[in-house]
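*Asks:* Under full-length UniProt numbering, the first residue of the sequence shown is numbered 1, with each subsequent residue one higher.
Derived by calculation from the structure, the hints in this document are not laboratory data.
Quick caveat, the model's predicted, so the values are computed rather than measured.
Where is the CB? At the ideal position from N, CA and C, for every residue including glycine.
Warning: the hint list may mix true and false statements.
[To be verified] Calculated lysine-lysine pairs in the DSS-like style (CA-CA distance at most 25 angstroms, straight line):
no.: 1; residue 1: 188; residue 2: 160
no.: 2; residue 1: 272; residue 2: 62
no.: 3; residue 1: 64; residue 2: 76
no.: 4; residue 1: 236; residue 2: 188
[As the list claims (entries may be wrong)] What follows is a set of in silico ranges between Cβ atoms, one per label pair, in the way DEER data are often shown:
no.: 5; residue 1: 129; residue 2: 322; range: 17 to 23 angstroms
no.: 6; residue 1: 224; residue 2: 120; range: 33 to 39 angstroms
no.: 7; residue 1: 408; residue 2: 127; range: 24 to 30 angstroms
no.: 8; residue 1: 200; residue 2: 298; range: 46 to 52 angstroms
no.: 9; residue 1: 485; residue 2: 120; range: 33 to 39 angstroms
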Amino acid sequence: MKTFPLSLLAGFLVSPFVLASPDLIFTNGDVITVTGESDRAEAIAIKDGIIVAVGNNQEILKQKGANTQIRDLKGKTLAPGFIDSHGHFAQYLPLIESPFLYPAPMGEVNSFDDIKQIMTDYFNQPNLDTNSLHVAFGYDDAELKEKQHPTKQFFDSFSKEYPFCAMHISGHLAACNSKGLDFIGFTKQSNNPDGGVLRRDDNGELTGVLEESAIYPILGNLPEMTQEDAIRRFGKVQDLYAGYGITTTQEGLATLPALNAMKTMAENGLLKIDLFAYAKWVDLEEAITLLPMKSSMNGLTLAGVKMVGDGSPQGKTAYLSTPYFEPPHSHAYDYHGYPVLTQEEMNQWVDKAYQVNAQILSHSNGDASADILLNAVELADAKYGKYGKEDRRTVVVHVQTTRLDQIKRMKKNEMLPSFFPAHTFFWGDWHRDSVLGPWRASNISPMGWANSNELMFTIHMDAPVLFPDMMTNMWSAVNRVTRSNQTLGEHHKITPYQALEAITINAAYQNFEEKSKGSIEVGKRADLVILNENLLEIDPMKIKDIPILETIKDGKTIYVNQ
């Protein structure tokens, strides 16, 4: 076990020679400090939300004062609070009180009949507004018995009184009933929007299925929330995240309404976890009039800008350099998806981000989309110099089909990939058998290549695509097993400690917060999680089943497992 001396920190002196006693001491713990794989401690002391001592029971208890609270961990594991390196906190606000249509194991929707049952129960509620758009989230055609998207005709059979759209689990597609299509402004005469597709049948009629930018009108037509509604929902979403051990999270595509809502919550002191917002690229200029770039307010930080380069591999809209294994819905054999942002557009937006010193997050699932981003970054680096005015830490989000040569380019350009390794379980079989074929599927989320090139990375769940379950996140990265219990890409497995680093110290680095978060060290914020077992010492296949017992933010408990 490694122990650490007590450091004298400014503000804790009660006299020139006496250190003020801690507010809280945790003892008898299995403390994973994330300062080295074998580093452990037994106890830590906290004062005013800051860690002031880390070491063994005896030396830490010497700091006890008359008003110090002593917490006996009884051998439970204490780790740094988890940091969600990519997700969509604000997208939960309109969804948290709506139906979820997730398949097993997150939900129970595995067929059209299951969708019909859940939504019929929903529409049978009294006093539902027939003039508002109703939205459900999470259906997955890859896991539905029918292996296809629901159509407007199917939805019309039980929801025709109400405008209704169901969002695909990827967040990149949706399916609407007839009234829903009318409500968001799509008819047979509508053209495909830039970067999106309105799917049609053989007669040219809309099927109700929408791809990529075609779903944006859904988000723009959600019912307005009262302040009371927003506060209630905001609290529920924070509780959801805290229940997964998360102390810092992200809104990775902040529209202006979402940024305004989050700012209002911050102004009223309602954040109990820290929230990093990345403005949607088209809203960048207006976003920095609401909050200066990289400024913080009561836990809310406008951290940068988010671009969306392409779509979803499981939805077969990601932009690949070679064709899909099985092309979707009557596309030609050489179909390989399409970009949301062209090379010229990506160049433009990366340049604008450099001008305002905004950190860039760019969604790049397909390798062709990653090429577009890498080209744009290299162009901007050549124009502005390697760092311009400051360290960039550009993040490539998802990187599902990234090639080895691209990993090497990311290393050279000092970029960070944020992988989505839960794809190996939730869609691994689908990727192997339908989306990518066996070889390309075995190289999704290529963390092994990142390790061999000493490229730092983070991992995420892309909530609400999946719940922000960090134990399942780490379990997926370590084991890479599919739903059919087959290993997908043995060479890309990582160790449990590397997985923990990816959601703590590496994620803190991604957020420019490695000096204040991400490890249990003197001088850092007391953002902590208590686990029932040590994930570094149990059967790796059991990591996802470890309960989160308590989540602590700045020394204060924000979640207790009842």
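*Asks:* Next, verify each hint and record whether it holds.
*Replies:* Evaluated hints:
1. Restraint check for residue 188 and residue 160: the C-alpha separation of about 18 angstroms stays at or below 25 angstroms, so the hint holds.
2. Pair hint residue 272 plus residue 62 does not hold up; C-alpha atoms about 31 angstroms apart against a cutoff of 25 angstroms.
3. Taken as a hint, the residue 64 and residue 76 pair is honoured in the structure, with Cα atoms around 21 angstroms apart against an allowance of 25 angstroms.
4. Proposed proximity of residue 236 and residue 188 is contradicted: the alpha carbons are some 39 angstroms apart, above 25 angstroms.
5. About 47 angstroms separates the C-beta atoms of residue 129 and residue 322, a value inconsistent with the hinted range of 17 to 23 angstroms.
6. Remark: the range hint 33 to 39 angstroms for residue 224 to residue 120 is contradicted by a beta-carbon distance near 26 angstroms.
7. For the pair residue 408 and residue 127, the beta carbons lie near 59 angstroms from each other, so the given range of 24 to 30 angstroms is not met.
8. A C-beta distance of roughly 48 angstroms is found between residue 200 and residue 298, which places it inside the suggested range of 46 to 52 angstroms.
9. Range check, residue 485 to residue 120: Cβ separation about 34 angstroms, and the 33 to 39 angstroms hint holds.
Hint violations for this structure: numbers 2, 4, 5, 6, 7, all remaining hints satisfied.
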